[in-house]
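With chain A held as given, fit chains B, C, D, E, F and G with the ligands onto it using these hints.
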Amino acid sequence: MPNTTQERLKAEARGLNFFYNGGIQALKNINMPIYDNRVTALIGPSGCGKSTYLRSFNRMHDLYPGNRYEGEIRFYPDDTNLLAPEVDPIEVRMRVGMVFQKPNPFPKSIYENVAYGLRVRGERNRRMLDDKVEHALRGAALWDEVKDRLQDLASNLSGGQQQRLCIARALATDPELLLFDEPTSALDPIATGAIEELVHELKKRVTILIVTHNMQQAARVSDYTAYMFLGEMIEFGKTDEIFIKPKDRRTEDYITGRMG
Amino acid sequence: MPNTTQERLKAEARGLNFFYNGGIQALKNINMPIYDNRVTALIGPSGCGKSTYLRSFNRMHDLYPGNRYEGEIRFYPDDTNLLAPEVDPIEVRMRVGMVFQKPNPFPKSIYENVAYGLRVRGERNRRMLDDKVEHALRGAALWDEVKDRLQDLASNLSGGQQQRLCIARALATDPELLLFDEPTSALDPIATGAIEELVHELKKRVTILIVTHNMQQAARVSDYTAYMFLGEMIEFGKTDEIFIKPKDRRTEDYITGRMG
Amino acid sequence: MKPLTTEEIRAVIARGKLKDTLFKALGILCLAFGLLVIVALILDMAIKGADRFTLDFFLNFASRRATQAGILSAWVGSLLVMFVTALAAVPLGVAAGVYLEEYAPRNWMTQVIEINIANLAAVPSIVYGLLALGIFVYQFGFGQSILSAGLTLALLILPIIIVATREAIRAIPAMIREGSMAVGATRWQTCRYHIIPYAMPGILTGVIIGLARAIGETAPIITIGALTFIAFLPPAPLTALPDGGTAGLFDWVMAPFTVMPIQIFNWTSRPDPAFEINAAAAGFVLMAMVLAMNALAIWLRYRMRKNIKW
Amino acid sequence: MQTVSSTTGVQISNTGSGYISARLSHNAMRHWNERLIETVLFLAAALSVLTTLGIVYILVSESIHFFARISIVDFLTDTQWTPLFDDAHFGIMVLVSGTLVSSLVALLVAIPVGTTIAIYLSEFAGSRVREIAKPILELLGGIPTIVYGYFALLVVTPILQWALPNLPGFSLLSAGFVMGIMIVPYIASLSEDAMRAVPMSLREGAYAMGSSRLYTAIHVVIPAALSGLAASYVLAVSRAVGETMILAVAAGMQPNLTWNPMEPAATITSYIVQVALGDLPHGSIGYQTIFAAGLTLLLITLMFNIVGQWLRAKYKENY
Amino acid sequence: MEDILHHQSSQFDEELGRLRSDVLRMGGLVENQVATAIEAYGACDPRAIEETIARDQDINALEKQIDDESAQLIARRQPTAVDLRLVFGIIKIVTDLERIGDEAKKIAKGVRRICDAGSNPTQFAPSIRQLAKAVMIMTRESLDAFARLDSALAQKVIVDDDGVDAEYKEILHRLVTDMIDDNTTIGLAMDIIWIARAVERIGDHAKNVAEHVIFIVDGRDVRHNAYQID
Amino acid sequence: MEDILHHQSSQFDEELGRLRSDVLRMGGLVENQVATAIEAYGACDPRAIEETIARDQDINALEKQIDDESAQLIARRQPTAVDLRLVFGIIKIVTDLERIGDEAKKIAKGVRRICDAGSNPTQFAPSIRQLAKAVMIMTRESLDAFARLDSALAQKVIVDDDGVDAEYKEILHRLVTDMIDDNTTIGLAMDIIWIARAVERIGDHAKNVAEHVIFIVDGRDVRHNAYQID
Amino acid sequence: AQVVKVDGSSTVYPITEAVAEDFQKAKKNAVKVTVGISGTGGGFKKFCRGEIDVSDASRPILKAEMEACKQAGIQYYELPVAFDAITVVVNPKSFLKDISVEQLKAMWEPVAQGKVSKWNQINPAWPDAPIKLFGPGADSGTFDYFTEAVVGKAKSSRGDYTASEDDNVLVQGISRDVNAIGYFGYAYYAENTGKLKALPVIEKAGKAGVAPSEKTVLDGSYQPLSRPIFIYVNAKSYEKPEVKEFVEYYMKEGAKLSKEVKYVPLPAKAYTVNLEHIAKKKLGTVFGGNAEVGVTIEALQKREGSL
Ligand SMILES: Nc1ncnc2c1ncn2[C@@H]1O[C@H](COP(=O)(O)OP(=O)(O)OP(=O)(O)O)[C@@H](O)[C@H]1O
Ligand SMILES: Nc1ncnc2c1ncn2[C@@H]1O[C@H](COP(=O)(O)OP(=O)(O)OP(=O)(O)O)[C@@H](O)[C@H]1O
Ligand SMILES: [Mg+2]
Ligand SMILES: [Mg+2]
Ligand SMILES: O=P([O-])([O-])[O-]
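Residue numbers (this note's numbering), protein chains in the order written: chain A, 111 to 370; chain B, 111 to 370; chain C, 30 to 339; chain D, 21 to 339; chain E, 8 to 237; chain F, 8 to 237; chain G, 1236 to 1542.
Honestly, the hints are just simulated from the structure, not real lab data. All C-beta atoms in this analysis are idealised placements derived from N, C-alpha and C, irrespective of residue type, glycine included. There may be inaccurate statements among the hints.
Just some of the chain E residues that point at chain F, by a computed CB distance under 10 Å [claimed, not checked]:
(1) Cys51
(2) Ile81
(3) Arg92
(4) Val94
(5) Pro133
(6) Arg136
(7) Ala173
(8) Glu174
(9) Met186
So that you can see chain A by itself, here it is in the shape it has in the complex:
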């Protein structure tokens, strides 16, 4: 079990506020550490701001006009503020990978899906690409299943395989932080089990922040859990404690299903 006193910080939200285009404040003064090589789960009722928070880490909100950040997300070891206007969002995204709710492979070959991030970075060397693609697919525990059909269309894979492919795609560029937004909500229990297992493996190499609607999933895969409600961070703590003995009454109400 991880021990807080030994944890290293990978990132930290400080006084983070976020406003959507219309002026709706979706995040309210969030302060939260993300520990290195740990899985941190975000739980909370629908609409509480989990996705909004997660997507702040790779500046996904910059894609749509009119959104506004306040506060900081400090990123270590270099201690930059991911949200600083002078920091290029594209650079942020190169350091922070993301896996989405529904597997979203590109309608291209398996190989091209994984190689995409590298190509975007201007990599053209075929040998290098081959190596990295294999490495990423192995990392996503998919290599054995697809090594003989790398040129097949990614959409012919099963849902669970597609989601692992998306993970491989994100892994291929060596992100330091990996964001998962409800990565298994579109999958059946067997595929879900495989992804959870993979998350457990991945944390040896990368820091993970995962949003899930499935409390049991949060309990299963994470080391730390944060409970959000109405845009606020209500409780952050070790998963072991949150699920047996949460400190905040609202957290308890939520995880026991008493909140409606």
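For chains B, C, D, E, F and G with the ligands alone, kept in the frame of chain A given last:
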């Protein structure tokens, strides 16, 4: 707890085989009772034929050409065979309601959604419609939330409300058997809880057959559970027993997550 | 409130089925009517023009003698003009569509542009001719050339291609876009690797409809100076010219020209009824050209669609 | 290693250092590229606006001369349109009425027929029929309009005259009717696309309630596809309003202020094409009328489009 | 804390409620059993003796039923946090309650032996009734603490047990001394000792119940923290 | 049955495995503790006595740890069927193991008192060592049954307990008789009686463990079915 | 390359096309000729901008166009090339045998609009049937000439008739309606004699009706509806040998070819006079910017031109 010896049959599959257009046999010699005023859950890995089986009960497969049934689904108390060619599928559908995975309200007002089935049946009397709509909405535990905006578009409701609306729509025509195909997989935990609660309420009035990917949900809401695998019915039994002490090794493997 | 009896239900079902059947008959009737018209029109042209379907018809220039008149300069001109049109309209339309969907801020300006584009689709084509006369022919000095005509028609079908492109882009799930951006791609990389390729089938539909429209247009081209009698072809690239020089790679774009619909239009308005045969034959050829273009694009579209699903 | 003040005893990760500077060097170039491309794309989009501006400029600059001589009130209220005659009148309503009536006739043909075909193809026909019938039907949109003109004149008018003995040889009715046939594929094809795009789940929901095919189509599929249908209708209206040759050939070109489709009449477009290609000296008042007429048409279609946009926004369904 | 258990999902509530009330019912039976055992001890009432012994069956059956329900609840409801602690605590509490029942039965059997031998237990060690009273109070209070999820009351039970233990030691000492003094009563004394011992064990189990209540309410595992008796 | 516990989700496996091995570790400690207690009984070995007493701490700590892990596992993994029965069984087994530890400690303390009084426990009741041997075997076998999820072995343990109970009764009878015969040794005899009683209780707890193993393996709840001892 | 560019009237087009076709053949394609149709107005517009060498015109150049040419410094020769006999036609089944200019006027004059709608309003002896009028669009030279000749004032016509730029449409209309009457160029009648009946036109009361034909036009008896049609040649272009040759060829073959395409050729002499005028640099139009009717070719060719 229900007691098998006292149960009345509502329906019964006998030697049911089903072939999809291409000739794929999706159901293999299914024999299974459906007890009156009970909730029966269908579980099994993705692609095992749960939906196919469920959709046989309201002849949904007749919508697509080339599908073929063999065997019978006897329906009580009148002891007709739902699959008999001379039985009109529309008539079957009028007796057997269905609620789908994703809430699919019609692009009409809340009122018109619920009244739909009645209008299909030629009901024109406004008073009668009003009564039945209210009754169905109450039955679906939605009345209080929508009674002041019956003319609003159904698509403005939240996901959970939409799903309850779909249940109300099905209830309005007093079906004898209600089919649910993964009715909560698109919903957040709070909405899911509400639907499960509703299913529990509904079984006082109607027989329910529910497909779910969520084993815990099956355990929670059902009186009987059937485990399907590769088109076959592997085990059917009381839910209490299936989840603590299944008889078949394959069932046990599946519900404990040992099958991959 | 008691449930309907089985008999009542059966009566309701029977009524519904009767209406289904009646509607089905009506639907078949309407469809048959549409198909009948198109088949009749095409057959009519084919039969009327049957006498002219000789090689000469395709290799002869226009003539005052109906039997000797051919469509050489017309079909070559149509093809070349379409080439220029496609070359101009497709990149421009796609670029505009991409800009509006992927780059432009969502505000009243976009709304205005949207209405503006829809409106352009309804501007009578002759008005485009008037516009092009002022701009391409005189302002830019392109003269009465294939280039001017191609660009004019490009402007004419631009709204169609833009609308088709935008609709096609809109059908691409946001998650594909976000998936690409999330690995650090720039907007343009996202467009180039994903948005444009995946929108291609829809864009092709727009191109099909647009070019089919453009290839049949008469009025705007006449306005900018397409000819009716022209007994020579534009200089093929790198061939010898009568005056001893060699034609440049792109000399043909500045050449005078005529197109199929002008030829047809002219023939239909000639006093001598013999030309009606020519007109019918040319109309049939034009249909064949549209169909060939369609078929190509339909095939391309089909092939591309197969590979794209989400 | 650096200690962060906010959380005591917490240390920061030291993996992955050195990424930054290498990556930053790419930034400047990337920015330049992106800017450049965005500008190019913007220019392409701006082209449509420029085109409109050009059209408006051309129309307005000539119309100004026109309206300098003809009062706008006369233009709108006069009931005769004889700008090229000795006794010149400039009542645009004459052309507007022809335009509206012919478009209306076309839509009255195209919308029911097109929508019926769309419903039939999408909800009743098998996939084989659909796949074959649709592209053939789409050919209707690719036939040169001059061919349609003669079709109206030589085939449709006599047939209509057989049913309506009073029908003159040239009429808005037969021109509009053929125009309707021409735009059937616009409606049938686009509406069918829109109906196909209605998720199967909605349809299954309706069938599961025991409804018949037609009932499902009318009460569920059409409302769900309404925005697509509206778009196809708007496009069809535009096409009808802007259509020229069919009317020039078959509608009689008679400047006749009438709302009766059984009469011959001129429309804005047929007038414009006639004058533009005629023997009239350029720069004369007669010639300038086509710009005033064109401007009027532009405003009419603008109105249609704004209404269409509004309707679409209003009926936007999210299923 | 009570209202925390009002669930959005009323069916879950119902099941949890059923479980809790079964536990309380079991507690009631056990309490009653202890009471009749003590009554028997005081009066040599054969009816009370037999009732005490017979009741053990019901308690055992309830133990099995509650365990079964708990397992069902875990399988069906995936309880977390307070619900999980509640179910977990109940699983433990039930064991202790059953054990209390066993001890009560032991008391009754001891009393029967004494009475059958023609003696009256009270005369030997009136102080045992004192002890039994204290233990009964502990039992009642531990169950109250569970019923009300009252961790303060549970705490009190835990503290009280120390007193019971001390008193028990004294009684035991006296009984052994008595035995040494008068070895004709050894058989009888042994029975009394077993009874005293059983009473003491009931106190221990009540304390265990209280500890589980504290876990349920506060999430603290306070077992083995205080010094232990042996 | 072993391979049934090989999970697709290897992390779940790991956690289940950890839980089981913790239980086995606790079982090992307990077994060992019983052994040293018996050893102490035989030899008045102060080291064995102290070790037995001291080890109880570890066992208590393990009990808490395993309970905590079980709760975590329920919260995290929603075990069902065999997994649920396993966790459920473990929760129950742990209580029994802890109680065995307590009894061993009681034995050690009794031995210490006897030895401190200058006597050697064995001389009084050599048969207790017999009994202790039998109980030790039961303990070991119940743990083996758990380790191998072997319900046949567990069944054997349950049957064995009847023999232990019978023997205990005999021993007890003899000791009481002895006491009556010689009331100078009453203090010592009482200690021996407590020891015998503790040994018997260990057998009972081993039997409980076996019953839980049967529940885990077969899903049958066999408690309170056989006749009960008191 | 050597290209002669011609554009303008659709009425003149068939003749120019025939000339161009034969000229190119005669020159073995050494000289290229292009002919467009953008209407007389459109043709003059291009002509006066100097974009084309020759403009086909179905009416004389008008004031505004003269002005435009002057501004651009374009000087030109006006060369009549053929006659178009505007033909009044009715349905072959029509009761009409001939028609007088008076009667035509009564039918077509502006005051008739909305009032004269029955044949018997023109002549009580005629049937009580509706008159169906067909004619070219008001933007055409034919229309101008007809109104001038019949009503007495150019562009003075009733508006409620069926107009078409495409004379074949008029042919169709008239051929299918017994009550129809209309007018258009002779060629369309000549090619459709089966479907139409050309009415002899009575110029003045008392005169006999004259049917349109090459003879009646040439001898000047088909009055007042025969009109000359022209080409205008840019004087500067004429200095280019290919244009010169083309024009000369036009004048040489004009008579034969206009006849071939069913127009009425000018008297043979007129073509040589045209060439003489050019040789004498007789620039400009002889109409002074106004349309006229009933002028003979001889008279025209005697006039002085003006620019
Ligand atoms: N694009 C947007 N514009 C305006 N408001 C938005 C937008 N997206 C989300 N919101 C609002 O911001 C709040 C937080 O939304 P967010 O998607 O982060 O919730 P979430 O916790 O991820 O919910 P879910 O579990 O349903 O995914 C909600 O109130 C939502 O309505
Ligand atoms: N329309 C179809 N045509 C052919 N085969 C089909 C069709 N629909 C389903 N199948 C096949 O039939 C089998 C059963 O499918 P079904 O949808 O009933 O599975 P399911 O148990 O409901 O799975 P899931 O949990 O993923 O919904 C699968 O192998 C599937 O591939
Ligand atoms: Mg979200
Ligand atoms: Mg399914
Ligand atoms: O109940 P005990 O066996 O621990 O005395």
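Original post:
Which hint numbers doesn't this structure obey?
Top reply: Hints 1, 5, 6, 7, 8 are the ones this structure does not satisfy, whereas the remaining hints hold.
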